[in-house]
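Chains as they are written, first to last, in numbering that gives the first Met the number 0: chain R, 0 to 354; chain H, 0 to 354; chain D, 0 to 354; chain P, 0 to 354.
Just so you know, not all the hints are guaranteed correct.
[To be verified] If you only want the chain R side, here are some residues facing chain H, beta carbon under 8 Å, derived:
1. His53
2. Arg185
3. His225
Simulated from the structure, these hints should not be mistaken for laboratory data.
Cβ coordinates follow ideal geometry from the N, Cα and C atoms, glycine included.
There are 4 protein chains.
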Amino acid sequence: MVVVMRGSASDEDVTKVINAVGEVGGEAFVSRGKHQTIIGLVGDLTQFAELPLHAFPGVEDVIRVSKPYKLVSIETHPRPSTVWVGDVPIGRDTFTLLAGPCAVESEDQTRAACRMAKDAGASILRGGAYKPRTSPYAFQGLGEQGLDILADVSRELEMPFVTEVVTPADVETVAAKADMLQVGTRNMQNFQLLKEVGLAGKPVLLKRGMTATIDEWIMAAEYIAHTGNLQVVLCERGIRTYEPSTRNTLDVSAVPVAQSLTHLPVIIDPSHSGGKRDLVLPLTKAAIAVGADGVIIDVHPRPELALCDGPQALVTDDLIKLREVILRFTDAADREVATPTAGKQAGAWGRSAHV
Amino acid sequence: MVVVMRGSASDEDVTKVINAVGEVGGEAFVSRGKHQTIIGLVGDLTQFAELPLHAFPGVEDVIRVSKPYKLVSIETHPRPSTVWVGDVPIGRDTFTLLAGPCAVESEDQTRAACRMAKDAGASILRGGAYKPRTSPYAFQGLGEQGLDILADVSRELEMPFVTEVVTPADVETVAAKADMLQVGTRNMQNFQLLKEVGLAGKPVLLKRGMTATIDEWIMAAEYIAHTGNLQVVLCERGIRTYEPSTRNTLDVSAVPVAQSLTHLPVIIDPSHSGGKRDLVLPLTKAAIAVGADGVIIDVHPRPELALCDGPQALVTDDLIKLREVILRFTDAADREVATPTAGKQAGAWGRSAHV
Amino acid sequence: MVVVMRGSASDEDVTKVINAVGEVGGEAFVSRGKHQTIIGLVGDLTQFAELPLHAFPGVEDVIRVSKPYKLVSIETHPRPSTVWVGDVPIGRDTFTLLAGPCAVESEDQTRAACRMAKDAGASILRGGAYKPRTSPYAFQGLGEQGLDILADVSRELEMPFVTEVVTPADVETVAAKADMLQVGTRNMQNFQLLKEVGLAGKPVLLKRGMTATIDEWIMAAEYIAHTGNLQVVLCERGIRTYEPSTRNTLDVSAVPVAQSLTHLPVIIDPSHSGGKRDLVLPLTKAAIAVGADGVIIDVHPRPELALCDGPQALVTDDLIKLREVILRFTDAADREVATPTAGKQAGAWGRSAHV
Amino acid sequence: MVVVMRGSASDEDVTKVINAVGEVGGEAFVSRGKHQTIIGLVGDLTQFAELPLHAFPGVEDVIRVSKPYKLVSIETHPRPSTVWVGDVPIGRDTFTLLAGPCAVESEDQTRAACRMAKDAGASILRGGAYKPRTSPYAFQGLGEQGLDILADVSRELEMPFVTEVVTPADVETVAAKADMLQVGTRNMQNFQLLKEVGLAGKPVLLKRGMTATIDEWIMAAEYIAHTGNLQVVLCERGIRTYEPSTRNTLDVSAVPVAQSLTHLPVIIDPSHSGGKRDLVLPLTKAAIAVGADGVIIDVHPRPELALCDGPQALVTDDLIKLREVILRFTDAADREVATPTAGKQAGAWGRSAHV
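Chain R extracted, bound-state conformation (with noise of 0.2 Å):
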């Protein structure tokens, strides 16, 4: 950290600040000029957390300069994770697609859905059995008789699925029956959910919030980390910013720049982002192009029908050239595509990515 004196900053300022630094077991140097003098901190950052220094008197700013994250951080696991989704791996040597309907809304559209998926070539359903929804009067999603159903599919196609979790109360109800919980946007900094999450020891999607920077982003992760819970999957969305011709803006620097700090999976979300069918194709090769590992896709046999999000849903046509371009775009990116893979499961994420 970096401590910024004020030009009217005296020397007992200074020496206050030195002091404080000290008697957390850090150290504290000098860089003394003529109109402005800083002081660099160096130690644990967890150290100097609770120092209110910017209150201190002649502080002007104080400037972080190392990540706040620990047990997320490539600086600890230099060596990339994988994160098994019942069989299925997502990690950064392969590609993997997730699909499936944005809401449950009967059996029988989740059935046709995750077959489209399936034949699409995802490896893991995806499906929203408890909906956040911004108006009371909107469809809520059909709770636990979602979830049961997603369960029946999930076992007849035999693919793991992951569905959103948006209570701490629903959490050991839907960790006993899905593959993988998601905490989604408008939940990324709901603290309390992500504790529980990380303590039902399931996989975890943690969708990042729509206005999170990526630090606050993987911060959160490091929260679902803190539970002892390693199994954690980052999903750009798309952020919000002022520009109205999409729904949101896909930031795919994010994956990157998030892979380049912390050892965990990136993946991105090419239908909640552009909010728009026609985008869906242009931005699931931008994904695979930019290095994320997997993407997480909405299909509906009958959008036009569709409770939610029916706008941008991939429908039958568009599968077989979401198949095409999966292939073309991870054989240039060379990525294989993920598929379930009996008998490396079983602890293979804890020994490869984590001793």
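Model the placement of chains H, D and P on the given structure of chain R, informed by the hints.
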């Protein structure tokens, strides 16, 4: 609502929209031009909410022209509401000062900060027992013990208090002791929390999400109102923008805009928006001038020891100026500073505002 | 400045930075920790400006901790400046109302609007003869003819006027007739225009770019000051955010922040920021309360006929309220409303503020 | 366009709107509901552009539903254009690499950088002789001398070059030597510059304003087209958001969105958007994958000596990878890398694209 058809849309596409609208009880009027056809939908917005018109063939865009909220809408209750916290009003006729420590750190610090608040003219106390922190390594609040300290000091000073609740499981505990429940900026779209807080029956202070639109913020209030609890106070606390010199950008225009859309009181948090002590007084003046129904301010007896947000807390010397500033500007704004009003509370809010 | 080295940086990398800094006459102090090395640079910022330290081997980040402007900095001139437009002051002791039509459409409309402005208590007129319009098909202003109309009305009413100049080639013509030159939000970083406007020797009204940081805005003022012309007034006019309910988001905090960084006067444009007539009065009150040195307001005798920005123009009835509001709130803020001051202008600015 | 009337609007208010629309030759269709009346306007948008409908009594909102541009619109020219720079095409069938130094600093540096560009497969050179810099104390470019260096190197290497022009007075000089004129991000709404650049008759590279919407960007292209010059290439270069870890946020979705609205080619600048060397290759891959018609890249023989934007310039080692990456991904995207095409240029653009 307005449905804009693509230039290439067929007559059949237009007819499909008209029929779908008719089936849910709405009326559709067609404006057919050479290059473009526009369909105006007339009726109750909730009728159309579930129609996935965006995904209909030939549809280019669907534009909502009326507001999606009802219970909190100014159209439903043209007379502004007063929300009573204990026997203190927050509403359009008064200006209410809420003040206290950002976080409850100890009994002494809390008592000292609350006395400072009272001396400055506050009529409602604030203090955080449960803190949503972006780092799992940061001080998380004293929890229930902090709640007890607040309750004790509140009794001593004979002032009601507001405190944040961060997860549904804590609502009952907090509601048993606090006079008003705060939903923080990171939880504005934690829908389950909104519902539980609404059901607790206490007044609610709803902070605007730091990247929520005004419509989303009012819609979050509608969630609470939907449980039957209309005692909601909206709080603007700065929005996230690209400007780095302030923690957030205080959106003062949000006050008159929200007051033109809803009957709920709207207050401002000048401490968290600017993030700097020097900005608290100028932003408080701006808050009064722009028509806010109150402000909520951080104070701390020794901010250089604060475990949370020290740099923005007012100290003793500032409070004399704060008191003077509030008196001078409420006078210019023709507002009375709110004080506890014996006898008024019993049913007053219900009767005057919503019968 | 602070140079943050990568964990992997070698001693040689650190030495290279130290040497480069020494060569341009600065001093480098090293804070060497186990995980991280930080180098504090002390000296004149312009020394370091051309050093491409970011590209040095082993460098992770370079952080600027002091401000890049000098001539307009409060550190250079701790006493706030007063800028004189004709014989009307804009500065920290007064509150100045600038008002007039957004665009000069005809002699009659301009005269009527300017009389309205005068009646409301304005002491400086505003009006656009050259309009920067986002569409080539929109009304582009009357140009030189509009300038003549403004000059005539200005003489008639004995009030100085400010008008926008949009391209370097027009500066001479405009400066020959106007009392103050306006640089609009879209031209804040049109550096050639800034230079020409500075050289014209007339006072300059510099609007903040709608997406400029406060530092960039002040740096644009430095461009003008660099030509030897320190008569610059900064004008906050709303910034671009994701919030759709106002045209732009008025950043009131920018006023105290800019006033703490520069000696230049800072005013607010409540008409263009909100974009709605109903917001002009509340935002004017907020402007006075937050400490702005003036406001600039659109008026129009018949806004339903306006060729530009009609929806935000104040009409006759509003102006009586405007006058009253300004008197009431400047009184609370302990400011005097600026009026023409015979005899004060001659050299006053130079003498009082900058000797 | 759609006019939304207030609930309180009278029949007379509605009639006034209908009559005003009729007077300019448009047609108005009324959708009258219990709570709300909507008026659909049909006709040419430019008819309505000057009608100040927002200021009409009873009008709540005016919503534009069709695009304000014509000449550059895909509806006017459904076939995508190819713009020729010298004998090199930029268009939908090819992928064009433009590369060179950010700033021309000396003849040696320019020649070395341009050779690197050629070796990497570039077919058009780039280089800045006139630099728009945010500080008056920063290197401002070599001006005309830089232009001559570029012209010499361009001749030597037999490659056309693009260079930025920052003010109308320089257009003639620059157009006499350069093969393509660049309008930079800060000048995207410098309307006088757009006109002059258009009139110069050379192809134009129009960078998106760092906070411009896609519509505003295309509208700026319309300004140029309005002078009769349709040889405009759009360049996405990152937009300003709250995310601090990249210089700007590259908006890849802008490519397919702009390509669906205009017939003009759209390229990406992966150097300035990310602002970091490590991001240039991943963002170049994403650019090709999302369908961009080219990229423009900074190279520097010794970035640690660069006077401008050193941290993002590619160096020798990167260029071999760049070449390989471009070949691999253009192959996946079914695009041919653009090369000079003898004989095609003469009139080709006009004939194939716009007859």
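Hints and how they fare:
Contact between His53 of chain R and chain H, as hinted, is supported at the beta carbon level, the nearest pair being about 4 Å apart and thus within 8 Å. Restraint check, Arg185 of chain R versus chain H: the minimum CB separation of about 4 Å is within 8 Å; hint holds. Checking His225 of chain R against chain H by beta carbon gives a least distance of about 4 Å; that is within 8 Å, so the hint holds.
Every hint, counting from the list given before, is met by this structure.
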